[in-house]
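Peer 1: Sequences listed follow chains A and B, in order. Residue 1 is where the first sequence starts when you use my numbering, and the numbers rise one by one after that. Residue 1 is where the second sequence starts when you use my numbering, and the numbers rise one by one after that.
Worth flagging that the hints you see were computed from the coordinates, not collected in a lab. One should not assume that every hint holds.
Note that the list lumps identical chains together, so a pair holds whenever it fits in one copy or between two copies.
[As the list claims (entries may be wrong)] Straight-line alpha carbon distances no greater than 25 Å define the calculated DSS-like cross-link-like pairs of lysine-lysine that follow: (1) Lys280 to Lys319; (2) Lys59 to Lys249; (3) Lys249 to Lys115; (4) Lys44 to Lys249.
All values derive from a computational prediction rather than experimental measurement.
2 protein chains.
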Amino acid sequence: MKEKKRASAYFDTAFLLAFIQQQAARTEEAMRLDLESSLSGQDKMLREALHYALLQGGKRLRPVLAILSSRLCGRDDDKLYLLAAAFEYLHAGSLIHDDVIDHAENRRGKASLIKKYGMTAAILTGDWLHARSMHLIGSLAGQEGLDTVCHATRAMVDGEFLQLRYAADPAVTEEQYFSVVLRKTAGLIRSTCAIAALFGHADCEQQHALAQYGEKIGIAFQIVDDLLDYLGDEQATGKMVGNDFIEGKMTLPLIHVLAHTAGDQRAVLVQALERTPRDKDGCGMARQLMHAAESFTFSQQRACLEVEQGLAALSCFKKKTQSATRMQQESLMILEQLAYYILRRDR
Amino acid sequence: MKEKKRASAYFDTAFLLAFIQQQAARTEEAMRLDLESSLSGQDKMLREALHYALLQGGKRLRPVLAILSSRLCGRDDDKLYLLAAAFEYLHAGSLIHDDVIDHAENRRGKASLIKKYGMTAAILTGDWLHARSMHLIGSLAGQEGLDTVCHATRAMVDGEFLQLRYAADPAVTEEQYFSVVLRKTAGLIRSTCAIAALFGHADCEQQHALAQYGEKIGIAFQIVDDLLDYLGDEQATGKMVGNDFIEGKMTLPLIHVLAHTAGDQRAVLVQALERTPRDKDGCGMARQLMHAAESFTFSQQRACLEVEQGLAALSCFKKKTQSATRMQQESLMILEQLAYYILRRDR
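Chain A with its partners taken away, still in its complex shape (with noise of 0.2 Å):
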């Protein structure tokens, strides 16, 4: 009986997002308070930038995760929801590093912080965010937080310089795939749930088992986007679709589409994949060759394989359900949804 309950929890959609959007909004407000704070006195389009990059909407994947490992590991206090602000600036800080790096004009179907503000004030915009997060994560969660989040920074740096060299090479591999992931996206989602399992005074295995839940449901994330980019609703992303290719990002779908493609068929798509600049006809065949390789059936089924990991992780946590609070058993459920819900998200 009381498994069917938790079976059937896993799809209760409505209940997880009713969650999600109550711990964003607790989350804004603490950016909301933190900011007001933080800029006082300070110049007013620094103050209107920080205000369009943060309080835009967001997935706000990271502060909910946050949130939940820490109330996982038993603390739910005010300075949590600082902690949770903190993850969500240094994501909003690199995103913008993106966009200008990309040039990109749009950002969650909004004209992106460089597009409205210009390029100086997007990079000065994220180096704030990203001092400001640090300052927040070295103050909540010590010394050791901050070497984390550090590490964690300094590999998503060198995560983008390894995209840019195995850009539009055909020849990359999945490991090589996965060594970007784990450093660009699975490595910050890792910290802050190991960050916030640290705050919470989660002892070491704790600390390790969402430590690990956090890099695999990171690397499920980085799959879904990288399917999304190609099979997505361009309204329900707020992304073109076929952008990957267009920049020649190797994604897991085209890895393994030129790995299971052979003579002519690849020879064109190589071809496609190497001209520049770029186009949506040749990404339309990728597509194609994709479908027929089952490349998006096998991604999905790895970003399964990923979640299924993460929640094997969390196992600790279970034998411990008889002395753990509601606080505490409901998190555990909510994280079990979520890592799911990563996995059907259409955004």
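Based on these hints, arrange chain B on the given structure of chain A.
Peer 2: The following block gives chain B in isolation, referenced to the frame of chain A:
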């Protein structure tokens, strides 16, 4: 006799430069070792870009100030050179982002990092340096050190926004100029001295004194920079003369000449300042008017005044010369020399 000796020591430039060179070399060694360990297994291009950004010369003012401040408080060990390196990282990261913002092709007479490695590498290398710097400062100077440096970094961003707002605006006042300088240049130099004092286990009075010293010589440093931009030797500075005017930067001599020139002459100057693009002819005219209005003399005097105030702030250390070690006495003397040297520097 003692007084006379000290007075002559102020002008012993050769000794000062040898000291700076020696400490710069130790800082560079610390940077090399730190890059080696923190870049292990990371991308080759990131490694190259970091070496290019950090090990191609530079005045090393911030590391030398950190070393002297800590030594003045009685601490000198290997970790001090890593702390000194952290301030150079922060400075280098900010310069790189500045060069992206200004589309600068040159830095210290060589190709800027953005020119050599492209914008993506420049933004990411700057981010890496900021993250590593905050990590090191947090590790070596604890939470208070991290607070101070993050605060200064955010103020620096705010200063850049203010400078953007004030660009080419003939109504900018001296007060507004100093509010930019305090945030943009002097704040980071202030925090360098303050954090190094903290690292050196300074008491509250000493920490405040070194912070004041840093702030004042930081202001003087910026004013001399303003002067070199109009009067410097391009060979020595590695910068194009007249750059500030062409970028519309409201520096001290320009603000002074606008306040001390009237009628047609002022109108023509304002016209040259508000024209886009601004040109070398406009800059040449501004320079002539500055000579006539004694704006350079005024600025130089103001820089001297700041240096004197900076030296006065160190008086609490002079009271204790009886109990001071030789290292502490030497550090005090060199901090004094360095302050005067800033006024006389030609690059």
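Peer 1: With reference to the structure, classify each hint as holding or not holding.
Peer 2: Consistency of the hints with the structure:
no. : hint             : verdict
1   : Lys280 to Lys319 : neither (51 Å within a copy, 75 Å between copies)
2   : Lys59 to Lys249  : within (23 Å within a copy, 40 Å between copies)
3   : Lys249 to Lys115 : both (22 Å within a copy, 24 Å between copies)
4   : Lys44 to Lys249  : between (37 Å within a copy, 19 Å between copies)
Of the numbered hints given earlier, the model fails hint 1 alone.
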